[in-house]
Structures are given as structure tokens and as C-alpha cells.
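Engineer: Whenever a hint applies, use it, and build me the whole structure from the sequences.
The numbering used here puts the first residue of the sequence shown at 39, with every later residue one more than the last.
Hints listed in this document are in silico derivations from the structure and should not be mistaken for laboratory results.
Quick reminder that beta carbons are idealized off the backbone N, C-alpha and C, glycines included.
You can trust all of the hints, since none of them are fake.
Here are the computed distance ranges between Cβ atoms for each label pair:
hint: 1; residue 1: SER243; residue 2: ALA94; range: 40 to 48 Å
hint: 2; residue 1: TYR328; residue 2: GLU277; range: 15 to 23 Å
hint: 3; residue 1: GLY248; residue 2: GLU60; range: 36 to 44 Å
hint: 4; residue 1: ALA136; residue 2: SER62; range: 17 to 25 Å
hint: 5; residue 1: GLY109; residue 2: ALA269; range: 42 to 50 Å
hint: 6; residue 1: ALA270; residue 2: SER62; range: 35 to 43 Å
hint: 7; residue 1: VAL238; residue 2: ALA314; range: 28 to 36 Å
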Amino acid sequence: MARVPQIEIGLEPAADTASRVEASLELDFEFDQAAGCTVLAASRQQAPLQVVRAFALEDGAALAHLHNVSGGLLGGDGLELRTHVGAGASAQLTTTGATRIYRARELAADAVQSNHISVGENALLEYVPDPIIPFAGARFRQQTTIQLASGAGLFWWEILAPGREARGELFAYDRMELRMDIWTPERLIAAERIRLEPRVHAVSSLARLGDYRYWATFYICRVGADRKVWAAAEQRLREVAASVSPDGETRWGVSTLATDGLVVRCLAREGRWVLAGLREIWTAAKSLLYGREAIPPRKVN
Numbered sequence: 039m040a041r042v043p044q045i046e047i048g049l050e051p052a053a054d055t056a057s058r059v060e061a062s063l064e065l066d067f068e069f070d071q072a073a074g075c076t077v078l079a080a081s082r083q084q085a086p087l088q089v090v091r092a093f094a095l096e097d098g099a100a101l102a103h104l105h106n107v108s109g110g111l112l113g114g115d116g117l118e119l120r121t122h123v124g125a126g127a128s129a130q131l132t133t134t135g136a137t138r139i140y141r142a143r144e145l146a147a148d149a150v151q152s153n154h155i156s157v158g159e160n161a162l163l164e165y166v167p168d169p170i171i172p173f174a175g176a177r178f179r180q181q182t183t184i185q186l187a188s189g190a191g192l193f194w195w196e197i198l199a200p201g202r203e204a205r206g207e208l209f210a211y212d213r214m215e216l217r218m219d220i221w222t223p224e225r226l227i228a229a230e231r232i233r234l235e236p237r238v239h240a241v242s243s244l245a246r247l248g249d250y251r252y253w254a255t256f257y258i259c260r261v262g263a264d265r266k267v268w269a270a271a272e273q274r275l276r277e278v279a280a281s282v283s284p285d286g287e288t289r290w291g292v293s294t295l296a297t298d299g300l301v302v303r304c305l306a307r308e309g310r311w312v313l314a315g316l317r318e319i320w321t322a323a324k325s326l327l328y329g330r331e332a333i334p335p336r337k338v339n
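Structural biologist: Here you go:
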């Protein structure tokens, strides 16, 4: 098995620590043989991160809503999510609303989110959250490490908004940094490194977002699937992506990974086209890889 390096993003030293929040949430999903469905077998939570319960979906998966009861992240906050999906289990995670990254005080460290995910043999994890919305002056760093076992599947998307559009805060944040590594038992199959600093480098550059405002990435994986499956999926998802929005509103790209998956990327002028497109692509990919329908999560407050 390939060795997975331990990557941690630590909190930077800062003078302003009085209001710092450090929270953690650990979730363990298991397949219940007697019930014939996945259950949330254990959860360990430290406020303000919280999961109230898991809901059963029609296909036997378990749906959990991730709550941040503080409403968002402030400078210096450190949040950690650890999730394990046991062998043969199927879990879906979503948020109860957009992830808001508030303005950081001058002496505060960045807000930091660390995600450590493992998906067991022949298990499936679907992570379908609402967008990340950075407020003016926000600084945010996220590190996600995902380990996929033999036969494991993954649907994982993330959406980055330009800010509070209704307030005219377009790219007024200081820094957004998103990192992701996806491992199979054999190798690293994806390494994502995104860093946007509008005050330093113009986001409107053709090398960044150009004329678009929203950015999204969607990783679709199933360890052990034949290369022919991925070639067919790439072609099919390109067709789906081309049909989900009016010309010029979005730009979609679909590319196979070195093995065991593909990545979908999106640039959009308006947020409504991003989520709609991701759901259409998710539906098509779930049917291709699993012969089942994607079940959009019901939102709760």
C-alpha cells in the first residue's frame, strides 16, 4: 500500500487569540448487515461543529448534515473533520448552508479547515456541500486528504463564490487556499493546489478566472474501474456539461485522472449554473458507475 504522508496546516502564531475557536468532528459510518443499510455508528464532536443525526436514504445510504452552529469561520479558527466510511457502507455528507468565511482581524491568523477522509473497501462517499463564500478581508486555508481503499467510490465537489455579491463584495477577500490529495492503495491519483489572492494577483487574469466569478471542482472516483469505463464516462459527462447552461455562462472541463477517476472543473458567471450543472453531472456519473440514481440531499435547519 502506498504511504500517505501526514499533511497538516497549522495555525499561524497571532497576537489576537482571545476569540479563536478550535473545533473537531469525527464521523464513523458502517454498513448494518441486519438492517441492510448504512448507519452512523459513532460521532465525536466539539462545538461549534455538529451532526445531529443521520437520515436513511432510499438506496440504503446514510445522509448527515454538517452544522457549524457559530455561523461561519473567523480569523484564527481551526476546524477539523475526520470521516471514515466502513467497508460496504454508503454515506452522503452535505452542509446546512453556505460556508461563510468572515473578515479576519489584522493580527489574526488564517481560518483553517482540515479534512481527513477514509473510504473502506467497496464503500462510497458523496460530499455535496453548498458554496464557500469569502467575505471582504477573509483569509482561509483548507487541506483535504482522502484515502480510498480497493473498490471505494467518491463523489466530492467544492464551489468557491466570489464573495457577497449583493453587497458588491466581488473578490474582496485577502486569500483563499484549497489543497486536496486523493490516494488509492497504490498511489496518489490527484493533487489539487488552489491559491487566489485578489489583492496580489488579479483574478480576472486569463491564467485564473478570466471573465468568470465562480469556480468549482468535482472529483469522481471508483478504485478498480476499467480504463474503458473512464473513457466512456469522460465523453458522456462532457456531453452533459455542454447541455446544462446557456452559451457563455459557464465553461466546463472533464479530464480522466491517471487511474481510477476523473475530475470536472467549472467556471461560471452566476452561481445558479454551477450547482445545477454539478447535480446533472453527478446524476449521470452515478448512473454510469453504479447503475443508481443520485439522490440530492434534503436540507434541514
